[in-house]
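Chemist: When you get a sec, could you build the whole thing from the sequences and use the hints?
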Amino acid sequence: MNTPNDLFYTESHEWVRLNDDGTVTVGITDHAQEQLGDLVFVETPEIDKVVEARDAIAVVESVKAASDIYAPINGTIIDTNGELADEPELVNNSPYDEGWLFNIQPESATDVEELMDDEAYESFVASEA
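Its first residue numbered 885, the sequence shown is counted upward by one per residue in my numbering.
All clues given are correct.
Here are the in silico distance ranges between beta carbons for each label pair: (1) Gly966 x Ser1011: 34 to 44 Å; (2) Asp932 x Glu1003: 28 to 38 Å; (3) Asp970 x Glu997: 27 to 37 Å; (4) Ser992 x Asp963: 14 to 24 Å; (5) Glu982 x Asp1002: 17 to 27 Å; (6) Ala949 x Ser992: 29 to 39 Å; (7) Ala1013 x Asp963: 28 to 38 Å.
Just so you know, these hints were derived from the structure itself, not from any lab. Don't be surprised by glycine CBs; every beta carbon is placed ideally from N, CA and C.
Modeler: Now the structure itself:
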């Protein structure tokens, strides 16, 4: 399982990258995309949508199942990865780079720090097995 140590993680298997400008980029973890299998569709949230942590705001569909994607923090959606409409497999091939899902302007910059680090996330995944 690939779990970069410069990201934060949620129990619903989203990763969060704190950007230099204070925004956050969100995607699903390598573990999540492995569990889902080959993605065939990604529905990203609407830009300017105000979201609360743990709200279901996006959907990924694979040949196996559909899965909700949850907001990791409170904030406003400011961008989405438009390439996923034509290339949902980017999430499988590059979950932490080209396969990002959306960007959020956080309501509070400290919310990200309350999420799990890589070691805590790896322990959480191991406890689920």
